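Enquirer: What follows is the residue order along each chain.
There are 2 protein chains.
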Amino acid sequence: MSKLLEEFKNYLHEMNQYEHVVTLLYWDMKTNAPKLGQEAHIEALTHFSTKSFEMSTADKLGEMLDGLAEESEFTALDVTWQFIVRRMKRDFDRNKRIPAEVYEAFVRAQAESGNAWEEAKNSSDFSVFAPHLKKMVEMTKEIAGYTDPGVETYDALLNQYEEGMDSATIDRLFGELKQELIPLVQQILAKPQPDDTAFHAYADPDAQKKVQWMLLDYIGFRRDAGAVGETEHPFTLNFSSKDVRVTNHYYETEPISAMFSAIHEGGHGIFEQNVNPEYDNTVAGSCCYMGIHESQSRFYENILGRNKNFWLPIYDKLGELLPQFREISLDDFYREINHVRNSFIRTEADEVTYCFHIILRYEMEKAIFRDGVSVEELPTLWNQKMQEYLQITPKNDAEGILQDMHWSDGSFGYFPSYLLGSIYDGMYLDTMEAELGSVDKLLAEGRIAEITKWLNEKIHQYGSTRTPKEVIEAVCGKEVSAEPLVRYFKKKYTEVYGL
Amino acid sequence: MSKLLEEFKNYLHEMNQYEHVVTLLYWDMKTNAPKLGQEAHIEALTHFSTKSFEMSTADKLGEMLDGLAEESEFTALDVTWQFIVRRMKRDFDRNKRIPAEVYEAFVRAQAESGNAWEEAKNSSDFSVFAPHLKKMVEMTKEIAGYTDPGVETYDALLNQYEEGMDSATIDRLFGELKQELIPLVQQILAKPQPDDTAFHAYADPDAQKKVQWMLLDYIGFRRDAGAVGETEHPFTLNFSSKDVRVTNHYYETEPISAMFSAIHEGGHGIFEQNVNPEYDNTVAGSCCYMGIHESQSRFYENILGRNKNFWLPIYDKLGELLPQFREISLDDFYREINHVRNSFIRTEADEVTYCFHIILRYEMEKAIFRDGVSVEELPTLWNQKMQEYLQITPKNDAEGILQDMHWSDGSFGYFPSYLLGSIYDGMYLDTMEAELGSVDKLLAEGRIAEITKWLNEKIHQYGSTRTPKEVIEAVCGKEVSAEPLVRYFKKKYTEVYGL
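Residue numbers (numbering that gives the first Met the number 0), protein chains in the order written: chain A, 0 to 498; chain B, 0 to 498.
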């Protein structure tokens with residue numbers, strides 16, 4: 000190892016210590032820390048994020064990256080370290096342009112805004128959140144101006160979450176979906192709907208936790224490299240492939256919610272647990288492409304979890320843990336988990352109308368960043384779009400614009416990733432069935448481990464070393480298209496609803 | 000504020016950020032982190048402990064402390080900051096003498112030793128732990144040589160956990176106890192013992208968690224400044240008075256264990272939550288005297304929790320949460336929680352034989368540090384002393400010498416604190432009853448909040464600003480003596496066992 004490379008690795012090691020505790024502070028704030036303890040956590044989080052940011056923009060790092068990028072050094076690196084140097088150099092040049100005090104203010108504002116959002120949501124009072132949201136929008140614009148000068152802000156944001164993606168492509172993909180799904184949903188909603196009363200009976204939260212673990216174990220989330228916490232809004236975070244955390248919520252009369260959150264976050268978690276461990280604690284490890292990440296959580300949640308065959312081998316176990324499911328047939332359960340209805344909450348939506356929830360948010364974000372719509376106008380715009388796509392109006396902002404945490408920490412441009420994930424899933428499913436045979440059959444025979452193995456090999460192991468375009472090309476051998484997803488929806492819902 | 004004081008406060012603020020994440024890393028290692036995630040946590044913990052240690056021994060800090068100790072600066076400080084400067088100067092001079100590499104090696108060895116102890120205990124294999132224990136003994140001696148040159152090692156260790164305490168005083172106090180308690184326990188054990196079968200029936204761990212919260216709420220542990228985690232060995236830690244964490248374990252057939260651990264750790268927690276918040280994040284905040292700390296956990300656990308009247312207002316609630324207690328009368332429950340028997344596990348021992356568990360450990364520690372008994376000889380010595388004091392021999396080391404975590408992180412000299420705590424409790428009880436009237440009556444009437452308030456005012460609020468001697472003097476107005484504790488035991492057990 001060259002002296003320079005060794006020095007560089009030591010530098011990364013120290014930077015990683017800061018990132019490690021920032022991740023932990025965030026985890027603890029959300030899962031454990033009491034109300035009065037939040038402030039000290041925010042302070043420490045700001046302190047160490049700033050340290051990490053300072054290191055990531057220090058001249059010293061720039062010099063090391065320049066040195067390693069020189070031919071004599073670069074050609075001596077293995078392919079992983081070549082990726083790391085190239086990627087870090089790109090990010091260094093971007094981040095270097097953000098003034099340190101702007102970044103520090105942003106981190107602090109993020110944490111405060113997150114708490115304000117929680118309070119606003121609990122009291123369903125948008126005005127508590129509005130000034131923070133305004134600040135997040137302004138700061139996001141300001142920072143994008145530094146990182147991506149000359150790029151239209153919203154395209155820059157989209158590209159941050161899904162490299163290579165822009166609104167022209169998304170307009171095309173979402174346009175295809177709208178055209179096909181609006182009539183499909185109309186057809187579905189014209190059919191008789193199942194009675195769902197039995198699914199909203201009381202379910203002991205402690206038993207729901209046991210169901211969650213049964214599901215996580217079943218899909219292959221590893222306990223020796225994973226943990227679960229409880230939060231209002233489920234999420235996944237990871238320190239490395241060796242320590243991946245997911246969270247869940249347990250609504251007393253909505254047991255299905257925790258089940259599908261477990262499968263969804265479990266999908267994210269399995270991805271991270273299976274990234275090549277050699278990439279741990281570098282920009283090659285973990286997957287930074289949100290569309291690709293969501294494609295995995297949503298593959299588990301929807302393509303697998305909402306398939307009747309997924310439940311065949313484990314439905315009896317569910318009944319043992321939550322006795323009310325003993326009284327419900329698997330057929331009825333299957334209908335319910337694919338019950339299409341126009342509803343308010345994105346994370347609780349069925350697979351089809353979910354698309355409209357994302358399209359709405361995508362259009363809202365374009366309105367904010369492209370059309371300059373003000374924060375004050377957003378609740379009204381939200382409600383108008385809910386009417387347009389779902390023909391319903393939220394009775395308050397908690398079940399409307401305040402439902403998601405994403406905007407509270409400035410994650411504008413993230414939402415489209417969810418739907419891109421589903422679009423990718425349609426494409427993966429085609430390829431997987433061509434290679435492994437019927438997914439229905441694999442699931443029915445309890446061979447889900449083979450599906451997970453396929454995803455590990457085709458997608459997970461690469462972490463961030465393949466861009467979304469490269470993943471799709473390598474796995475499916477073609478350009479991204481919404482056609483397979485639409486075909487999957489039509490086939491599935493024709494059967495479920497007898498269209 | 001003088002420029003120097005401001006600079007000093009900024010310095011402390013940065014040091015506190017390191018200590019904050021060290022505390023959090025420890026908490027998370029014990030309560031959340033998966034097996035494969037431990038290593039990275041140990042690495043970060045070592046990194047930040049070292050940073051904090053570097054700051055606590057930096058010349059810069061020494062200069063600031065010297066400056067602040069000068070009359071012109073010192074007299075301008077308020078009494079709290081005078082305490083802080085004086086205390087930090089003393090600790091600085093002590094710690095400064097420990098070479099940084101020795102300290103770093105110690106922190107790493109502590110973490111590794113803790114994990115080895117856990118493994119050794121789980122497999123009941125002392126040999127797994129022995130090399131780590133040896134290392135902890137050697138390093139502890141080495142460090143005491145630096146911090147307290149010229150002081151006999153074991154006295155130096157005792158003084159670290161309970162300032163002003165030495166083995167001459169402890170020999171006197173424990174001697175009084177031995178003389179009185181050996182015949183008392185013989186009398187008790189000659190009496191017929193109650194049947195305890197009903198107390199070892201299955202108790203749902205989730206229900207035990209609910210009982211734990213019922214008890215924590217009842218004694219006054221505040222949820223907005225507290226959290227609970229699950230660990231093999233219960234403990235309490237705190238970031239400040241605003242964020243205090245306790246842990247517990249839930250044995251499926253030993254529900255009483257989690258109840259009394261909750262009350263014990265809750266007592267520690269209430270102490271920390273009620274320290275003057277102005278002391279937060281300084282050496283004045285938190286209580287660093289372990290005997291005084293244990294006096295609070297043990298006051299709640301024993302003096303209050305093992306009193307029948309404590310349960311009068313809440314015994315029905317216990318039956319609601321754990322139905323088997325509906326079938327057990329309060330009288331039978333009371334007898335069981337004061338069931339005296341010679342048993343193996345310290346933390347599960349009754350109030351009286353508990354004293355022997357501590358005396359045994361105190362004598363073991365004297366043997367290690369004063370008589371140079373080797374680590375290899377310790378299991379045999381343990382078993383001999385168990386025979387001597389309790390007339391029983393552990394069937395393996397897991398229920399013998401491996402049962403406690405204390406030695407695994409080098410906390411030699413800590414054990415006597417538990418019994419000093421009980422000795423103090425006997426004295427507090429006398430004073431409390433003189434000032435508030437009968438504790439039986441207060442408890443029976445559900446007025447435990449008045450007891451907590453008394454302890455808050457008399458003890459908790461002072462944090463570390465009063466030494467043990469000063470606390471006892473201020474609260475009881477006399478020298479420490481074991482006589483009140485012995486009197487309390489005799490009165491109580493004469494009644495319980497009809498002696």
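Quick caveat, the hints were computed from the structure, so don't treat them as lab data. These figures come from a predicted structure and were not determined experimentally. A hint or two may mislead.
If chains are identical, the list can't say which one is meant, so a pair holds when it fits in one copy or spans any two.
[As the list claims (entries may be wrong)] Calculated lysine-lysine pairs in the DSSO-like style (CA-CA distance at most 27 angstroms, straight line):
hint: 1; residue 1: K365; residue 2: K34
hint: 2; residue 1: K34; residue 2: K8
hint: 3; residue 1: K190; residue 2: K59
hint: 4; residue 1: K365; residue 2: K440
hint: 5; residue 1: K307; residue 2: K140
hint: 6; residue 1: K394; residue 2: K8
hint: 7; residue 1: K88; residue 2: K34
hint: 8; residue 1: K209; residue 2: K457
hint: 9; residue 1: K316; residue 2: K59
hint: 10; residue 1: K34; residue 2: K452
hint: 11; residue 1: K34; residue 2: K307
hint: 12; residue 1: K384; residue 2: K50
hint: 13; residue 1: K316; residue 2: K50
hint: 14; residue 1: K2; residue 2: K133
hint: 15; residue 1: K440; residue 2: K316
hint: 16; residue 1: K477; residue 2: K489
hint: 17; residue 1: K88; residue 2: K177
hint: 18; residue 1: K477; residue 2: K491
hint: 19; residue 1: K8; residue 2: K452
hint: 20; residue 1: K190; residue 2: K8
hint: 21; residue 1: K88; residue 2: K365
hint: 22; residue 1: K452; residue 2: K316
hint: 23; residue 1: K365; residue 2: K190
Enquirer: Tell me the numbers of any earlier hints that the structure contravenes, in ascending order.
Expert: Hints 1, 3, 4, 5, 6, 7, 8, 9, 11, 12, 13, 14, 17, 19, 20, 21, 23 contradicted; others consistent.
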